[in-house]
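Between the sequences and the hints, there should be enough to build the whole structure, so can you do that?
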Amino acid sequence: MFMLFDPTYMLFVFIPATIISLAAQWYVRSSFNKWSKVRNGANLPGTEIARRIIDRTSVGDVTFERPQMRGMQPQAAGISLERTAGAFTDHYDPRTHTVRLSESTAAQPSVAAMAVVAHELGHAQQHEENSFLIQMRNFLVPAVSLSPQIAFGLIFVGFLLRADGLLWLGILFFGLVVLFSVLTLPVEFDASRRGLILLREAGLMSNDEDQNGSRTVLTAAALTYVAAAVTAILQLLYYISLAQRRN
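FYI, the numbering for the sequence shown is 394 to 640, going by this note's numbering.
Don't take every hint at face value.
Unchecked claim - Here are the simulated distance ranges between beta carbons:
no., residue 1, residue 2, range
1, A500, N600, 17 to 23 Å
2, A478, L415, 22 to 28 Å
3, D557, L404, 21 to 27 Å
4, F549, S423, 33 to 39 Å
5, I626, I543, 15 to 21 Å
6, N436, A536, 43 to 49 Å
7, Q542, R422, 18 to 24 Å
8, E522, D399, 41 to 47 Å
9, E522, H484, 15 to 21 Å
10, A500, T411, 33 to 39 Å
The hints are simulated quantities; they were obtained by calculation from the structure and are not laboratory data.
For each residue, glycine too, the CB sits at the ideal point set by N, CA and C.
Below is the structure:
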(Lines of atoms letter the chains of each structure in order from A; the text may use other names.)
(Lines give C-alpha, C1' and ligand atoms only; values in the text may rest on other atoms or scores of the structure.)
Protein backbone atom coordinates (compact mmCIF):
# COMPACT_ATOMS: atom_id res chain seq x y z
CA MET A 394 0.00 0.00 0.00
CA PHE A 395 1.09 3.62 -0.53
CA MET A 396 1.88 3.93 3.22
CA LEU A 397 4.92 1.67 2.86
CA PHE A 398 6.54 4.32 0.64
CA ASP A 399 5.93 7.09 3.16
CA PRO A 400 8.95 7.66 5.48
CA THR A 401 6.62 9.13 8.12
CA TYR A 402 4.62 5.92 8.26
CA MET A 403 7.74 3.75 8.41
CA LEU A 404 9.33 5.87 11.16
CA PHE A 405 6.35 6.60 13.41
CA VAL A 406 4.05 3.60 12.81
CA PHE A 407 5.57 0.54 11.13
CA ILE A 408 8.90 0.37 13.02
CA PRO A 409 7.52 1.20 16.52
CA ALA A 410 4.53 -1.13 16.04
CA THR A 411 6.78 -3.96 14.86
CA ILE A 412 9.14 -3.54 17.82
CA ILE A 413 6.26 -3.42 20.33
CA SER A 414 4.53 -6.46 18.81
CA LEU A 415 7.71 -8.55 18.66
CA ALA A 416 8.62 -7.62 22.24
CA ALA A 417 5.14 -8.55 23.47
CA GLN A 418 5.20 -11.87 21.59
CA TRP A 419 8.65 -12.70 22.96
CA TYR A 420 7.58 -11.96 26.54
CA VAL A 421 4.39 -13.99 26.16
CA ARG A 422 6.17 -17.03 24.74
CA SER A 423 9.04 -16.90 27.23
CA SER A 424 6.60 -16.58 30.15
CA PHE A 425 4.44 -19.44 28.87
CA ASN A 426 7.46 -21.63 28.18
CA LYS A 427 8.79 -21.06 31.70
CA TRP A 428 5.55 -21.64 33.60
CA SER A 429 4.41 -24.48 31.35
CA LYS A 430 7.28 -26.49 32.83
CA VAL A 431 6.29 -25.77 36.43
CA ARG A 432 3.59 -27.97 37.97
CA ASN A 433 0.80 -26.19 39.79
CA GLY A 434 0.42 -26.88 43.50
CA ALA A 435 -2.71 -28.99 42.99
CA ASN A 436 -0.97 -31.06 40.26
CA LEU A 437 -4.14 -30.85 38.15
CA PRO A 438 -4.45 -30.43 34.34
CA GLY A 439 -6.47 -27.58 32.90
CA THR A 440 -9.74 -29.49 32.64
CA GLU A 441 -9.59 -30.51 36.30
CA ILE A 442 -8.64 -26.96 37.31
CA ALA A 443 -11.80 -25.82 35.54
CA ARG A 444 -13.88 -28.40 37.40
CA ARG A 445 -12.39 -27.31 40.73
CA ILE A 446 -13.13 -23.66 40.04
CA ILE A 447 -16.69 -24.45 38.94
CA ASP A 448 -17.36 -26.67 41.95
CA ARG A 449 -16.03 -24.23 44.50
CA THR A 450 -16.93 -20.78 43.16
CA SER A 451 -19.88 -18.86 41.76
CA VAL A 452 -18.55 -18.76 38.21
CA GLY A 453 -21.71 -20.49 36.95
CA ASP A 454 -22.83 -23.91 35.74
CA VAL A 455 -20.62 -25.44 33.06
CA THR A 456 -21.41 -28.43 30.87
CA PHE A 457 -18.57 -30.76 29.84
CA GLU A 458 -20.13 -32.22 26.74
CA ARG A 459 -17.47 -33.17 24.19
CA PRO A 460 -16.12 -36.73 23.69
CA GLN A 461 -12.58 -35.40 24.21
CA MET A 462 -13.45 -34.75 27.83
CA ARG A 463 -13.37 -38.44 28.75
CA GLY A 464 -14.17 -39.24 32.33
CA MET A 465 -16.07 -36.00 32.92
CA GLN A 466 -19.79 -36.24 33.48
CA PRO A 467 -22.23 -33.66 32.06
CA GLN A 468 -23.53 -31.14 34.55
CA ALA A 469 -26.42 -28.70 34.39
CA ALA A 470 -26.91 -26.73 31.21
CA GLY A 471 -24.75 -23.64 31.04
CA ILE A 472 -21.32 -22.87 29.62
CA SER A 473 -19.62 -25.63 27.62
CA LEU A 474 -15.98 -26.61 27.92
CA GLU A 475 -14.29 -27.96 24.78
CA ARG A 476 -10.83 -28.71 23.49
CA THR A 477 -9.51 -26.97 20.41
CA ALA A 478 -6.47 -27.65 18.21
CA GLY A 479 -3.40 -25.46 18.07
CA ALA A 480 -1.26 -23.46 20.49
CA PHE A 481 -2.46 -20.25 22.20
CA THR A 482 -5.97 -20.94 20.88
CA ASP A 483 -7.66 -20.78 24.28
CA HIS A 484 -10.69 -18.46 24.26
CA TYR A 485 -14.22 -17.90 25.46
CA ASP A 486 -16.92 -17.78 22.78
CA PRO A 487 -19.87 -15.67 24.03
CA ARG A 488 -22.02 -16.71 21.06
CA THR A 489 -22.19 -20.33 22.20
CA HIS A 490 -21.22 -19.80 25.86
CA THR A 491 -18.20 -22.05 25.34
CA VAL A 492 -14.76 -22.05 26.93
CA ARG A 493 -12.33 -23.63 24.46
CA LEU A 494 -8.98 -24.87 25.74
CA SER A 495 -6.00 -25.82 23.62
CA GLU A 496 -4.71 -29.38 23.95
CA SER A 497 -1.71 -28.32 26.05
CA THR A 498 -3.82 -26.24 28.45
CA ALA A 499 -6.43 -28.98 28.85
CA ALA A 500 -3.91 -31.77 29.51
CA GLN A 501 -0.99 -30.14 31.35
CA PRO A 502 -0.88 -29.79 35.16
CA SER A 503 1.16 -26.59 34.85
CA VAL A 504 0.93 -23.14 36.39
CA ALA A 505 0.50 -21.67 32.90
CA ALA A 506 -2.46 -23.95 32.16
CA MET A 507 -4.04 -23.04 35.48
CA ALA A 508 -3.74 -19.31 34.73
CA VAL A 509 -5.18 -19.66 31.23
CA VAL A 510 -8.19 -21.66 32.45
CA ALA A 511 -8.88 -19.09 35.17
CA HIS A 512 -8.68 -16.23 32.66
CA GLU A 513 -11.16 -17.83 30.27
CA LEU A 514 -13.54 -18.63 33.12
CA GLY A 515 -13.16 -14.99 34.11
CA HIS A 516 -14.60 -14.12 30.69
CA ALA A 517 -17.41 -16.60 31.28
CA GLN A 518 -18.17 -14.91 34.59
CA GLN A 519 -18.25 -11.52 32.86
CA HIS A 520 -20.85 -12.90 30.49
CA GLU A 521 -22.83 -14.58 33.26
CA GLU A 522 -22.98 -11.29 35.18
CA ASN A 523 -23.67 -9.28 32.02
CA SER A 524 -20.65 -7.08 32.72
CA PHE A 525 -20.90 -3.55 31.34
CA LEU A 526 -17.40 -3.79 29.87
CA ILE A 527 -18.16 -6.92 27.88
CA GLN A 528 -21.53 -5.51 26.81
CA MET A 529 -19.78 -2.50 25.28
CA ARG A 530 -17.19 -4.66 23.54
CA ASN A 531 -19.76 -7.11 22.18
CA PHE A 532 -21.88 -4.20 20.92
CA LEU A 533 -19.01 -3.17 18.64
CA VAL A 534 -18.23 -6.65 17.29
CA PRO A 535 -20.61 -6.51 14.26
CA ALA A 536 -19.36 -3.06 13.22
CA VAL A 537 -15.69 -3.94 13.70
CA SER A 538 -15.92 -7.12 11.62
CA LEU A 539 -16.09 -5.05 8.41
CA SER A 540 -14.65 -1.72 9.52
CA PRO A 541 -10.96 -2.45 8.71
CA GLN A 542 -11.68 -3.40 5.07
CA ILE A 543 -14.05 -0.46 4.58
CA ALA A 544 -11.62 1.92 6.28
CA PHE A 545 -8.58 0.90 4.21
CA GLY A 546 -10.60 0.98 0.99
CA LEU A 547 -11.97 4.47 1.65
CA ILE A 548 -8.60 5.81 2.77
CA PHE A 549 -6.84 4.37 -0.28
CA VAL A 550 -9.44 5.68 -2.74
CA GLY A 551 -9.63 9.02 -0.96
CA PHE A 552 -5.87 9.39 -1.13
CA LEU A 553 -5.62 8.46 -4.83
CA LEU A 554 -8.56 10.63 -5.92
CA ARG A 555 -7.70 13.48 -3.55
CA ALA A 556 -11.19 13.12 -2.12
CA ASP A 557 -10.90 14.46 1.42
CA GLY A 558 -14.44 13.41 2.28
CA LEU A 559 -13.71 9.74 1.53
CA LEU A 560 -10.41 9.96 3.38
CA TRP A 561 -12.04 11.29 6.56
CA LEU A 562 -14.86 8.76 6.25
CA GLY A 563 -12.28 5.98 6.14
CA ILE A 564 -10.61 7.46 9.21
CA LEU A 565 -13.96 7.44 11.00
CA PHE A 566 -14.45 3.75 10.22
CA PHE A 567 -10.93 2.97 11.39
CA GLY A 568 -11.74 4.83 14.60
CA LEU A 569 -14.19 2.01 15.40
CA VAL A 570 -11.31 -0.47 15.21
CA VAL A 571 -9.30 1.67 17.60
CA LEU A 572 -12.24 2.00 19.98
CA PHE A 573 -12.70 -1.78 19.95
CA SER A 574 -9.00 -2.33 20.69
CA VAL A 575 -9.06 0.14 23.56
CA LEU A 576 -12.25 -1.34 25.06
CA THR A 577 -10.68 -4.80 24.83
CA LEU A 578 -8.00 -3.80 27.34
CA PRO A 579 -10.22 -3.37 30.43
CA VAL A 580 -12.18 -6.48 29.42
CA GLU A 581 -9.00 -8.58 29.34
CA PHE A 582 -7.53 -7.07 32.50
CA ASP A 583 -10.82 -7.62 34.30
CA ALA A 584 -10.95 -11.26 33.16
CA SER A 585 -7.45 -11.79 34.55
CA ARG A 586 -8.40 -10.10 37.82
CA ARG A 587 -11.47 -12.32 38.08
CA GLY A 588 -9.37 -15.37 37.21
CA LEU A 589 -6.94 -14.78 40.06
CA ILE A 590 -9.86 -14.32 42.46
CA LEU A 591 -11.45 -17.56 41.23
CA LEU A 592 -8.20 -19.44 41.79
CA ARG A 593 -7.99 -18.13 45.35
CA GLU A 594 -11.66 -18.91 46.06
CA ALA A 595 -11.16 -22.43 44.74
CA GLY A 596 -8.15 -22.93 47.03
CA LEU A 597 -5.78 -23.39 44.10
CA MET A 598 -3.19 -20.78 45.07
CA SER A 599 -1.34 -23.18 47.34
CA ASN A 600 2.19 -21.73 47.06
CA ASP A 601 4.21 -18.75 45.85
CA GLU A 602 4.86 -20.34 42.46
CA ASP A 603 1.13 -20.64 41.81
CA GLN A 604 0.56 -16.99 42.67
CA ASN A 605 3.63 -15.47 41.00
CA GLY A 606 3.43 -17.70 37.93
CA SER A 607 -0.28 -17.11 37.34
CA ARG A 608 0.15 -13.37 37.68
CA THR A 609 3.14 -13.38 35.31
CA VAL A 610 1.36 -15.45 32.66
CA LEU A 611 -1.78 -13.30 32.78
CA THR A 612 0.25 -10.07 32.63
CA ALA A 613 2.19 -11.37 29.63
CA ALA A 614 -1.01 -12.34 27.81
CA ALA A 615 -2.47 -8.87 28.44
CA LEU A 616 0.55 -7.27 26.78
CA THR A 617 -0.51 -8.66 23.39
CA TYR A 618 -3.73 -6.64 23.64
CA VAL A 619 -1.79 -3.56 24.75
CA ALA A 620 0.48 -3.94 21.72
CA ALA A 621 -2.53 -4.26 19.39
CA ALA A 622 -4.18 -1.17 20.88
CA VAL A 623 -0.99 0.91 20.62
CA THR A 624 -0.53 -0.18 17.00
CA ALA A 625 -4.13 0.78 16.15
CA ILE A 626 -3.74 4.18 17.82
CA LEU A 627 -0.49 4.88 15.94
CA GLN A 628 -2.19 4.00 12.66
CA LEU A 629 -5.15 6.25 13.43
CA LEU A 630 -2.85 9.17 14.25
CA TYR A 631 -0.99 8.58 11.00
CA TYR A 632 -4.21 8.60 8.95
CA ILE A 633 -5.30 11.84 10.63
CA SER A 634 -1.91 13.44 9.90
CA LEU A 635 -2.20 12.20 6.29
CA ALA A 636 -5.58 13.91 5.88
CA GLN A 637 -4.29 17.10 7.47
CA ARG A 638 -1.26 17.15 5.17
CA ARG A 639 -3.58 16.86 2.18
CA ASN A 640 -5.27 20.07 3.29
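Here's how the hints hold up against the structure:
1. A500 to N600: 17 to 23 Å: 22 Å, holds
2. A478 to L415: 22 to 28 Å: Cβ of A478 to Cβ of L415: about 25 Å, so the range 22 to 28 Å holds.
3. D557 to L404: 21 to 27 Å: Holds: the Cβ-Cβ distance is about 24 Å, inside 21 to 27 Å.
4. F549 to S423: 33 to 39 Å: 38 Å, holds
5. I626 to I543: 15 to 21 Å: 19 Å, holds
6. N436 to A536: 43 to 49 Å: Hint holds: Cβ distance 45 Å, inside 43 to 49 Å.
7. Q542 to R422: 18 to 24 Å: Violated: the Cβ-Cβ distance is about 30 Å, outside 18 to 24 Å.
8. E522 to D399: 41 to 47 Å: Cβ of E522 to Cβ of D399: about 46 Å, so the range 41 to 47 Å holds.
9. E522 to H484: 15 to 21 Å: This hint holds: roughly 19 Å between Cβ atoms.
10. A500 to T411: 33 to 39 Å: For T411 against A500, whose Cβ atoms are near 34 Å apart, the range 33 to 39 Å holds.
Checked against the numbered hints given earlier, this structure breaks only hint 7.
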